[in-house]
Amino acid sequence: MITLEKVSFTYRSGQRALQDIDLNIAGGDFIAIMGENGAGKTTLAKHLNGLLKPSQGRVLVDGEDTRKVSVARLSRKVGLVFQNPDHLLFSETVKDEVAFGLKNFGFAPEVVHNQVMRTLEALGLSEYAETSPFLLSGGERKRVALAAILATEPDYLILDEPTIGQDYQQKERLRNFILQLYSQGKAVVMITHDVEFVAESNPKVILLSQGRIVAQGPADSVLSKDELVKKASLVRPQMSRLFGELTKYGLPSDVVDVHRARILLEEKLSEAKVRVAQNS
Amino acid sequence: MSLRTLEGFKFSTLKTPVHLLDPRTKFLIVIAVLVPALLFANIYVMIALLVSQLPLLLVGKVARRWALSLRAGVFLSGLIFVVNLFTGSYLSAIALTLRFLVLLTSFSLFFMTTSPDDLGLALDRIGAVRWLSRRWLGYPNALSFTFTTAVRLVPTLAVDAQTVVDAQRSRGLELDKGNLLKRVRNYIPILIPLLLIAIRRSLELAEALESRGFPGKEGRTSLFQLKLRPVDYAIVAVSLAMIGISFWIYFHYKIPVL
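Quick mapping for you: the protein sequence lines, in order, are chains A and G. Heads up, the final residue of the first sequence is numbered 1120 in the numbering used here, and it's a clean run with no missing numbers. Heads up, the final residue of the second sequence is numbered 265 in the numbering used here, and it's a clean run with no missing numbers.
Here chain A stands alone, though its shape is the one from the complex (with noise of 0.2 Å):
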């Protein structure tokens, strides 16, 4: 378990990115934190793993106080992987650059061959063992980041925008690949501006706005109320709109994913489609 307790956090400059966060991270919790840019969610991230030190409160790390532990330590249990890959990318092949973590981890050569070739196998990156990571493109680059951190399973993962560059089909495999991993037990918390991924993959939303939570729950209850959204300077995904179109219909405002979509509309059809069938 995370715990953020009455955490706020001001910069050397002044910046005030943090105000009075309280959160619970546990096992098995999938969790999205949107908010405009500069509303503080990056700084955020980097309380979990103890990269800054809360200013005001505490963040706790399995009861540790994150301001007595160290980075490396905190490390091994929360994975912090960063926006953009080419702040880390630096070894000569993607297998080197996977396996850094587990031997700064200290594990044994046997252990870490073993869990880099898995790793690369579950995000489809095998192929790449042998690469230089400056090859590769740029959404895959990012797999190889991802990939640098999972090797060393964490307990918790906090992925910094991770569909950025990804193409639909990646974003696709990426999804089910959390969904994985939340249904093992472990935390995911997933920063990000992209509505209609989260739309879709359904988490819990934490809207952060000037660096205080304005709102949290579901997706389809936070995503769907327009005055929040706008707050965190985000839009509605598509299908929000279409049902907040459609509420004359009899249909609720609150749908945000496909597959209720489908349901709804499926019922409303058919019976339509009695009606109709009756009349004439």
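Some clues are possibly wrong.
[Claimed, not checked] DEER-style ranges, computed between Cβ atoms:
1) V89/G <-> L900/A: 44 to 54 Å
2) D1066/A <-> L235/G: 55 to 65 Å
3) S209/G <-> G1090/A: 54 to 64 Å
4) V166/G <-> E904/A: 21 to 31 Å
5) N1016/A <-> D124/G: 32 to 42 Å
6) L210/G <-> M957/A: 31 to 41 Å
7) M841/A <-> D124/G: 47 to 57 Å
8) V89/G <-> M841/A: 47 to 57 Å
9) M957/A <-> V191/G: 25 to 35 Å
10) E845/A <-> Q169/G: 18 to 28 Å
Calculated directly from the structure, the hints in this document are not laboratory data. Yeah, the Cβ is synthetic: ideal placement off N, Cα and C, and Gly gets one too.
Dock chain G against the given chain A, drawing on the hints supplied.
Showing chain G alone in chain A's frame:
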């Protein structure tokens, strides 16, 4: 050298009388301080040069940031003092340490109060720079542009450096762990990404520039023109006088350390 050291050399966007001086004037001030500081190894001269720059630091509202750069210079001044203790008297060691602080102050003052844009404009007005630039790079403005771009990218690179350090620490890298050799090697995962980011960024910058028609034709004009105001002329006169007097004294008298 921490990143905070750079604070004392970073331009501050203020509009004080010092900021508004022509960059050429300010550079002449640097030279007017430099010349006596290098000609005389005298403690009184050094103290006078330090004190004479205080009003400029205060008027330019950069005294606090200057103090930061001084704090960063403490280690180097200590080193200079110790080394000179072995080679000369303690008085000359004090004088040379003060000389270092005088130089640090004048350059820090110059960079804190001169915007990279102004600096570029000033460089563009210097015939020798344009000539060199045309010889080496084919265009008269290219050299001054390269210089200002380099200056401008330093803060951006500093932000990247912090992110890279954060990213690698999140992968279990501990920079200050191990013996000396290990510690040096610890920096490889920091330096490689940083280098590649810098290269990639300059390639992108080059493409962006070319797609906007850089470097253009000979005789490019600029939106902002440098203009010497009466106050600039006054300061230029004082600075030239200071330089002249310094040389005159140097050739006619022998100035002791104390």
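Query raised in the report: Between N1016/A and D124/G, is the Cβ distance one that fits in 32 to 42 Å?
Result: This hint is violated: roughly 51 Å between Cβ atoms.
Query raised in the report: In this structure, is the beta-carbon distance linking M957/A and V191/G contained in 25 to 35 Å?
Result: holds, 31 Å
**Report entry** Supplied distance hint 31 to 41 Å, evaluated on CB atoms of L210/G and M957/A
**Finding:** Between L210/G and M957/A, where Cβ atoms are some 34 Å apart, the hint holds.
Query raised in the report: At the C-beta level, are M841/A and D124/G separated by a distance inside 47 to 57 Å?
Result: Holds: the Cβ-Cβ distance is about 52 Å, inside 47 to 57 Å.
**Report entry** Satisfaction of the hinted span 54 to 64 Å by the C-beta atoms belonging to S209/G and G1090/A
**Finding:** The hint (54 to 64 Å, Cβ to Cβ) holds, given that S209/G and G1090/A are roughly 60 Å apart.
Query raised in the report: Range hint 44 to 54 Å: satisfied by the CB atoms of V89/G and L900/A?
Result: holds, 47 Å
Report task. State, for the Cβ atoms of D1066/A and L235/G, whether the hinted interval 55 to 65 Å holds or is violated. Result -> At 58 Å between Cβs, range holds.
Requested in this report: Using the beta carbons of V166/G and E904/A, state whether their distance is inside 21 to 31 Å or not.
Outcome: With a Cβ separation near 29 Å, V166/G and E904/A satisfy 21 to 31 Å, so the hint holds.
Query raised in the report: That 47 to 57 Å hint for V89/G and M841/A (C-beta), does it hold up?
Result: Hint holds: Cβ distance 53 Å, inside 47 to 57 Å.
Report task. Could you check the hint for me, namely that E845/A and Q169/G are 18 to 28 Å apart, CB to CB? Result -> Because 26 Å falls inside the window, the suggested range holds.
In this structure, only the earlier hint numbered 5 is contradicted, and the remaining ones agree with it.
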